[in-house]
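Undergrad: Residue numbers (the numbering used here), protein chains in the order written: chain U, 1 to 273; chain A, 1001 to 1095; chain S, 2001 to 2358.
No false leads were slipped in.
Dumping the calculated DSS-like pairs for lysine-lysine here, alpha-carbon to alpha-carbon at most 27 Å:
1. Lys242/U - Lys1038/A
2. Lys1039/A - Lys2221/S
3. Lys2221/S - Lys1038/A
Not close to chain U: a few residues of chain S, all C-beta gaps over 12 Å, as computed:
4. Leu2113
5. Glu2157
6. Asp2220
7. Met2245
8. Cys2248
9. Ala2296
10. Glu2330
11. Met2335
12. Ile2338
Source of the hints: derived by calculation from the structure; they are not laboratory data.
Predicted, not measured: the structure shown is a model, and the values here were computed from it.
Virtual Cβ for every residue (Gly too), placed ideally from N, Cα, C.
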Amino acid sequence: MNEKTMLDDDHYENVIREESVCTSENLVYERPETLLDTPLHYCPGCGHGVVHRIIAEVVDELGIQEETIGVAPVGCAVFAYNYLNIDMSEAAHGRASAVATGIKRVLPEKYVFSYQGDGDLAAIGTGETIHTCNRGENLLIIFINNGIYGMTGGQMAPTTLPGMKSTTSPFGRDVKSMGAPLKITDLVAQLPGTYYVTRQSVHKPANVRKTKKAILKGFQFQKENKGTCFVEVVSNCPSNWKMTPLESNKFLEDQMLPFYPLGDLKNPERKEK
Amino acid sequence: MAKAKGDIVIDIERCKGCELCIEACPQDALEVSRQVNKKGYLYIVKVEDTCTGCESCALVCPEGGVTVYRVQNKKKTQVAQVKNITSDINITVKE
Amino acid sequence: MKELKLMKGNEALAEAAIRAGCDAYFGYPITPQSEVLEYLSREAENRTGMVILQAESEVASINMVYGAAGTGKKVMTSSSSPGVSLMQEGISYIACAELPCLLVNVNRGGPGLGTIQPSQGDYFQTVKGGGHGDYKLIVLAPSTVQEMADFVDEGFELAFKYRNPVMILSDGALGQMMEKVELQAQKERVTMPGLDAWATIGKPVNRDHNVITSLHIQPDKMEEINIHLQKKYRTIEENEIRVEMINCDDAEYIITAYGLVARICTKAAELARDKGIKVGVIRPITLFPFPINEIAEAAGKVKGILDVEMNAGQMVEDVRLSVNGKVPVEFYGRMGGIVPTPEEILEAFEEKLLGGAK
Chain U
1 MNEKTMLDDD HYENVIREES VCTSENLVYE RPETLLDTPL HYCPGCGHGV VHRIIAEVVD
61 ELGIQEETIG VAPVGCAVFA YNYLNIDMSE AAHGRASAVA TGIKRVLPEK YVFSYQGDGD
121 LAAIGTGETI HTCNRGENLL IIFINNGIYG MTGGQMAPTT LPGMKSTTSP FGRDVKSMGA
181 PLKITDLVAQ LPGTYYVTRQ SVHKPANVRK TKKAILKGFQ FQKENKGTCF VEVVSNCPSN
241 WKMTPLESNK FLEDQMLPFY PLGDLKNPER KEK
Chain A
1001 MAKAKGDIVI DIERCKGCEL CIEACPQDAL EVSRQVNKKG YLYIVKVEDT CTGCESCALV
1061 CPEGGVTVYR VQNKKKTQVA QVKNITSDIN ITVKE
Chain S
2001 MKELKLMKGN EALAEAAIRA GCDAYFGYPI TPQSEVLEYL SREAENRTGM VILQAESEVA
2061 SINMVYGAAG TGKKVMTSSS SPGVSLMQEG ISYIACAELP CLLVNVNRGG PGLGTIQPSQ
2121 GDYFQTVKGG GHGDYKLIVL APSTVQEMAD FVDEGFELAF KYRNPVMILS DGALGQMMEK
2181 VELQAQKERV TMPGLDAWAT IGKPVNRDHN VITSLHIQPD KMEEINIHLQ KKYRTIEENE
2241 IRVEMINCDD AEYIITAYGL VARICTKAAE LARDKGIKVG VIRPITLFPF PINEIAEAAG
2301 KVKGILDVEM NAGQMVEDVR LSVNGKVPVE FYGRMGGIVP TPEEILEAFE EKLLGGAK
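If we strip away everything but chain U, and leave its shape as in the complex, we get (with noise of 0.2 Å):
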């Protein structure tokens, strides 16, 4: 430890620090165990840390770490299994939900999931999200859409938003030329196979409850044997959108969130009441 991190310990510990409180009975919030100590290399204020801790949060509550596999995409989420300690399976660019299918066929008792972003799962992949869809593989697919491409560097993505700029739309998104966003979670919505199709973000604490109560949901029926179940989240992208961590959450907000309004897509449970 370096010296001014020690003289700002210091500081932390006599001026604010209430022993008294910081105790084991007190504890109500800490990170989980599924979530491994290994650093996340996500850029500042990205969402992918929070649905990781989210995934791992769920996969502890429901007790399920010794039945759980799930597949990484290629994107920034790629290294998804360096941090969660489940058993994870690396897919090739789109084709997360074919891996996770062949997974799910040969060990139908577990719990498997795919974690894709929008490239991955909207673009290059879409035949494969489609059809595990259609066919209502008994798997949860975990979609976060940023509305760009991450890794390689904030290239336009299907689901970049009119107008947005991105390294390969640098006036703008026109859709006249380069088609209107790809609303794939409407799409999958109207297929027979998904059970429970839903759309959340993380960018407020209430929000991060309820993705998490989401993929809960997506997990539990899962063990019921009833469908897919997809649910999007929308995130951010500081580095790409060129913001800082709270402009991009207001920009999500502000933008995105009116053009991918939040809720539940499909939820036969809720209809039941």
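With chain U fixed as given, assemble chains A and S onto it according to the hints.
TA: Quick look at chains A and S alone, frame taken from chain U:
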């Protein structure tokens, strides 16, 4: 109802100073420190003693870097069990 | 209990997959191999509970194989040339991640959409790579319907022994023609022992999590992986060469050919012997590992070699490397789905190695 009494511990070496927790904190208890951590980030510190242990900062933290404590009185422990969202869901189902 | 049947090559292969205790097949229809998927769809699930899934594409099939093979199950797919081209990215991932699985290419004429007739135009793709990066498949080349069946079980054995994808390189004629085939007894579908070391089957508390990946972003680590793979391929070369030498002991000339063509060449060699020319046939059964030494040794005893293939000359490059200039190596091939006759092979042999008909 009296304010709950809470505290947090920030793992400053995980912190990347994104400030999302500062914005999320309803008590305005957090600030950017003037020092950097080993990775060179200006990390976040708690500067006000107003924490209620509401978990907001921990929920939005992309690094899983916040541990939250909240003083438990008997009444609260019976009612709340806030941490476990699973039990929330179970309650909903019963309804 | 062994059983004798008259079957199509594709169906014999499918039946053998069931009997080998295969756990899952993921495939997509393409002529001339669709019978594999069709046969398995109607036979497999009821008999052994084997998973059969018609995927939305060959791309999806191979990635389903990747996922399922990562759990250590006996998994396979089959296709024909254009479909196998689509699978190449996935095959490269499978080879790098060292996943055991069985792939089948019922080769048809190309390039492009080509024809649906038999061809050996995919030798380079199968043996030299096909996908990106330095990797090798173990390649088995059947020449009979019997071998179409036998190589399934043998392929799985090799795949698991070396944690390497195995390709059966067949062709449209072998897939479609019917022959007598002796089928092996039904094997149990068993989960292989020792899977916990690498397979993604769910992490027990007492071991680290397993990760199936082909991504090693640090170059020194990636080189380490490559060195490991190359070492494995050398071991395979040392131990797994299979080759059939037909009437080579007294031969003055050799014909090299693989798969179905080797059978036609055997007939051509007989015709030559009828004329008093002593011709033997060397049939590589494994195309990787390639029988370099066997061919080199034989080359030392003969006056010349003719390589015959249903392509523009692909294996002939490996034959020439094996012979290393000792004797002339000539080539005769037909392309686009044409199967050569014994008579035309004999004629080509006489013209290219004897300077005209004898």
